[in-house]
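Colleague: Since chain A is already given, all that's left is putting chain B on it; use the hints.
Note that the protein sequences, when read in sequence, are chains A and B. FYI, the numbering for the first sequence is 1 to 511, going by this note's numbering. FYI, the numbering for the second sequence is 1001 to 1312, going by this note's numbering.
Take the hints with a grain of salt, since some may be wrong.
[As the list claims (entries may be wrong)] Simulated restraints, written as ranges between beta carbons of each label pair:
| hint | chain 1 | residue 1 | chain 2 | residue 2 | range |
| --- | --- | --- | --- | --- | --- |
| 1 | B | Asn1019 | A | Thr10 | 24 to 34 Å |
| 2 | A | Val165 | B | Asp1162 | 32 to 42 Å |
| 3 | A | Ala359 | B | Glu1115 | 31 to 41 Å |
| 4 | A | Trp329 | B | Ser1149 | 32 to 42 Å |
| 5 | A | Phe367 | B | Asn1268 | 52 to 62 Å |
| 6 | A | Thr73 | B | Arg1148 | 22 to 32 Å |
| 7 | B | Phe1144 | A | Val21 | 14 to 24 Å |
| 8 | A | Thr212 | B | Asn1268 | 35 to 45 Å |
| 9 | B | Lys1156 | A | Ala213 | 17 to 27 Å |
| 10 | B | Asn1019 | A | Leu241 | 28 to 38 Å |
| 11 | B | Ala1108 | A | Thr40 | 20 to 30 Å |
| 12 | A | Phe493 | B | Ala1108 | 54 to 64 Å |
| 13 | B | Ser1038 | A | Leu233 | 17 to 27 Å |
| 14 | B | Phe1109 | A | Ala14 | 41 to 51 Å |
[To be verified] Derived list of chain A stretches under chain B, where covered just means 3 residues or more per stretch with a C-beta under 8 Å from a C-beta of chain B:
| hint | segment |
| --- | --- |
| 15 | 362-369 |
| 16 | 393-399 |
These are computed hints drawn from the structure, not numbers from a lab. All C-beta atoms, glycine included, are put in the ideal place defined by N, C-alpha and C.
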Amino acid sequence: MSDVINTKRTKQQALGPYGRVGKTLNELDDRLGVARGGRTFMDKIFPDHWSFMLGEIALYSFVILLVTGVFLTLYFIPSSAIVTYHGSYLPLDGQKMTQAFSSTVNLSFGVRGGLLMRQMHHWACDIFVGAIVVHMARVFFTGAFRKPRELNWTIGTTLLILAIVNGFLGYSLPDDLVSGTGIRIAYSIILSIPLVGSYLGFWVFGGNFPGTAIIPRFFILHCLIVPLIIIGLVGAHLYLLVRQKHTQFPGEGRTEKNVVGSPMFPVFMAKTTGFLFIVAGVTALLGAFAQVNPIWQFGPYDAARISYAVQPDWYMGFLDGALRIWPSWSFHSWGYTIPFEVLIPAVILPGIIFNIAYAWPAIERRFTKDNEIHHLLDRPSNRPKRTAAGVALLALLGMLFIASSTDVLANFFHVSLNTVLISMRILVIISPFVAYPITYKICKELQGVEGGGKRKTPNVVSRTAYGEYTAVPSPVYVDDMHQGLEPTAVPAFITESPEESNDDGVRVVDR
Amino acid sequence: MSDEHELRTPVSLSGLAANDPHLQPSARNPQLVERVISVCLVLGALCFAGFGACYWINAQPWKLGATMGGGFFFVGVGLVAWGKYLMPRGPFVEDRHVLANSDADREAFAAVIVERGGGVIQRRKMLGGLLGGGLGIFGVVALFPLLRSLGPLPKKTLDTTDWKKGSYVVDQSGRRVMEGDLAIGSISTVFPEGTQNTDRGQAVDQTVLIRVSNEGFTTMKGRESWAPKGYVAYSKVCTHLGCPVGLYEQQLQLLVCPCHQSMFNVTNGAVPQFGPAPRPLPQLPLYIDSSGYLRSQSGYHEPVGPGFWERS
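Bound conformation, chain B alone:
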């Protein structure tokens, strides 16, 4: 064994007499403690056996958990108590050595890095540059396909929904909504026909349809014809973080998002009245066709849902 190793980890080879106070248990009454520990360990073993039995007869989950948990708990308490009260009480000590090496060692290490290796590499600066350049090109080139193949580019998909001119308004079961379907004060979640069962339909096209009155209703200047027979339709995707704005407070005419409590006023164009949402819910212009079906005059005039950089 080298001297250096000897210095770093000096090991005591001394012994202690069995009656040394450091080796005595810390319990004042070791016999009693031993008995208590024995009881714990027996209880633990019984619990484990019970766990096996519970598993065998396919008992309810809480019985499995209670027996297994009890087993671990009692065995654990017994073992901790054994270590704490019956094993040598100490206190024991070990020396702490300075981790830093001698100045000579440090200097040699720095010399190896800076002079030997570094100098050798610096002598061929051009090769180093070429190597770095090549690997850099690979990194950049690899980055693009790696990221790109994870998913498509967003392009304009965030700006549009599947609501188009003349889309039939259907409910979750796909049934077309007619002008007499909703009573005043009622609410329904609707989709453009054909998307009610798709992920995109549910996530992007979801729209709340509220009947606020019997006659055409104007939520805002310029939207005089958007709510025929009192049918008002807003995007159901919250402009804060995209949760469905699923709560309707009928008396106050408020749509409430249960996630972060943004509140939108149904009567004035879903302008946020309270909470963290920054924009009104986009309104969908509706009309009632000659057969009495609710249809959209056009798609939404602005992107639905939360904000993003390209949202103009």
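So that you can see chain A by itself, here it is in the shape it has in the complex:
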């Protein structure tokens, strides 16, 4: 035994069996009382199912939005003041534009990594809203919104609305030709609200469109107020998730009274942190190779100019589509006008859709009279009516989304715009009525499939010496993680086999 080891032993004994980390944790516990809660949190079980990853995509793309967004605020100037551009992008040289536009061009071409950050920010936003929608669909179709999780469903729906709103605000900030037209449309939508529309429009824009107030106002909303609300609600969303624990799919050993999966530390933490990196990596690769929103090609906003065949970001598509196909029904009488041709598709329709989303848990409870607490998820085919209703709504939204590119479709298929418009009107109306019965029927069929939802085992086909073939179902997969093992509680300690253990049965890791 050398002296070095002896010194190490002595030191270790002074610090206790868990060394410096253990001592630090003890000091923390003395002051904050974190030992028990921290242990519980490290043991929190996360179900191993891919569909639980969709919410993580949303969370992590939001993290990327925050990081890249902070970078952009360092160089973006939220001002409508007119400047003459003399930057590194020569085609725009000498043009008059707002500082918002020129600073966006400058941060794209004059700041190292600026273009990448802008493109990543835009891509992360598109992914953020998309991941929320897909996550929400998962929660809807599996019945995860049922009691006790109605409140978290409400928070999630609010987050979707805020994400869409903030996406629109951010898209508007560069003050380019395309986004400026979007702001103009938003102003006209505000104007369409009966009684108060023109007042609201003037107060939001600080006067008649366009004015000079809207860029700084959108900036403070986009960079401070809405993100703060989103952060608060995301915190509440995650707190409720921890407090109420995860839902899980039914399966061996899984009941309403337990959660089966992997513990927070270290298994889930490794997987989820790795996943954060993957989301960041994919976003960066998209930012590197897929150009998005090249504002220098659109040019600065000028209310009297317009570009052809432009669409808003994808999440505004259903609104744009609704505005395109809604008939020109304007009410005009007694000296007043109600622009139904705008009010219904742009205000009332999204209002109805989001209110249905908010009210869905209550609507379903009314029909099922089910007031029980549910932690086990439904298979969508076992709830054919709910599944069919969800698919019908998605079909409607999908058709409205397609309708937002009527002009592109007409060009692409070489048919007249009139034909496309009439077809889209018909498709939008009939799509939910077609989608509902088809989905319902498919669900009913799936219910009858034997062994549906269970993992299938392969058949082993073998040939005898006489050339005869036999097919025998193979034994279960040998590499299946959960095969044949009873779930066990997360161990507090890992003990060595008896002959190797020391006195207290605790394995001392010497690192």
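Modeller: This is chain B only, laid out in the frame that chain A set:
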């Protein structure tokens, strides 16, 4: 530690033996997986180093993105694979506890709210009313200046433009338009003189000038004198949502809004022929003065642009 706390979060202090099947990796060949993960992590580190180098030499943006994205991607894949294939495979389980408290707890909570606090407040109903009234007044009073200082009242500003009797018609560069300037079938965006470089001029006063023929042109009954020498002028602000009606289909004599595809017929008073726009584009009455300049006989006879409540 109180008993109550003990009940709420019972913590297992049991251990598992190192050779317990739950603690084994799920990979069938952990050595191979470990090697693959190592390769991923090395590739990630190389990408990150490349990212630093690209930044240092100010490489093109796609190189920055490719190296940074590759770095995150490889490190992420490595870490996920480590967690998924090499860490204890479980399955592990934790109990789920009923969140609801005992009936006694619930009753006590309700009693505190309804009887203790509520009763105390109800005893002084008048004070409560006064307090609520005062705060309500503040809310209403605060609302008005808060909203009002955001912007002016619309009043009649939405009903009018800067086109007046005798306004000179100028193009975007501010040059006055003369009667010989446009060939038949040509189109130009024009403004009342003096507003061509202003926000309001571009947003509100923008007007399309189309020459449809050589002689005076009548788009509608009662507008016989509005289009001298075939110069027809319509507001360029779409009556649907206010986009500039910027596309001119010369053969069909249609003005098309590229935003939502409303189409207006130039020859018959810009009546919407197709699409969601509810009203014709307002027409601007023109005349040609003795020097040959195009001028407006008056402003627009109706509000331009999309509909709003007070639009009479």
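Colleague: Hint by hint, where does the structure go against what was stated? Just the numbers, ascending.
Modeller: 7, 12, 13, 15, 16
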